[in-house]
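**Q** Spelled out from the first residue to the last, the chains are:
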Amino acid sequence: RKEVEQDPGPFNVPEGATVAFNCTYSNSASQSFFWYRQDCRKEPKLLMSVYSSGNEDGRFTAQLNRASQYISLLIRDSKLSDSATYLCVVRGNNDMRFGAGTRLTVKP
Amino acid sequence: SAVISQKPSRDICQRGTSLTIQCQVDSQVTMMFWYRQQPGQSLTLIATANQGSEATYESGFVIDKFPISRPNLTFSTLTVSNMSPEDSSIYLCSVVTYTLNTEAFFGQGTRLTVV
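Chains as they are written, first to last, in our numbering: chain A, 709 to 816; chain B, 3 to 117.
Hints are computed from structural coordinates only; laboratory data are not their basis.
Every value quoted in this text rests on a predicted model; they were computed, and no experiment measured them.
Take these hints with a grain of salt, some might be off.
Just a few of them, taken from the derived set where beta-carbon distance is under 7 Å, the chain B residues facing chain A [what the hints assert, rightly or not]:
1. SER44
2. GLU105
3. PHE108
C-beta: ideal position from N, C-alpha, C; glycine also.
Excised from the complex, chain A in its bound form (with noise of 0.2 Å):
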């Protein structure tokens, strides 16, 4: 088993559409949750932090369920710039372990 899961996808949505990726993680010893998104050819950029309590940045929208070992990821009202692949990352006391991606295309 992976140590971080995400579905791949990919997502395909129209404009102004809600999207919702989701990952799980298997250690439940993991210290910190951060949603990171790739564009072709770049390096990954930190998209956002995921708190227990959740928490919201403009359309996004991350939560975090420790019991369950669960992170998400909402997008509302997407845009065409949102294009990208979601990439879920866990950190542990000596590691970062990152999920396959989610790939995301916005459509006109």
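Given chain A, work out where chain B should sit, using these hints.
**A** Relative to chain A, chain B alone:
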């Protein structure tokens, strides 16, 4: 935050040769990682670069193939040895600090093609 300079940005190499990739950080960070990303795939952790001691390798990666150095807190190298076409990939340096909830920062990556 941390600014990372990774060199070279790309290279085309002959099979059987070796390439050393450098990662320089503008501030002292405590954890440095090397990842590989093959076309269409996510990032796979190769190893954690430890200052002044041998790197910690993930399953499937060995020191003879991917020797790593980290002489100080701001610099590390990854060597891809005795390359074959299967080593063609993007290699990424990443750094984090010990502070929890601090994200990872990435170098721009090295795009390696082995012919």
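**Q** Each hint: holds or not?
**A** Hint-by-hint comparison with the structure:
no.: 1; hint: SER44; in the structure: holds, 4 Å
no.: 2; hint: GLU105; in the structure: holds, 4 Å
no.: 3; hint: PHE108; in the structure: holds, 4 Å
Hint compliance for this structure: no hint is broken.
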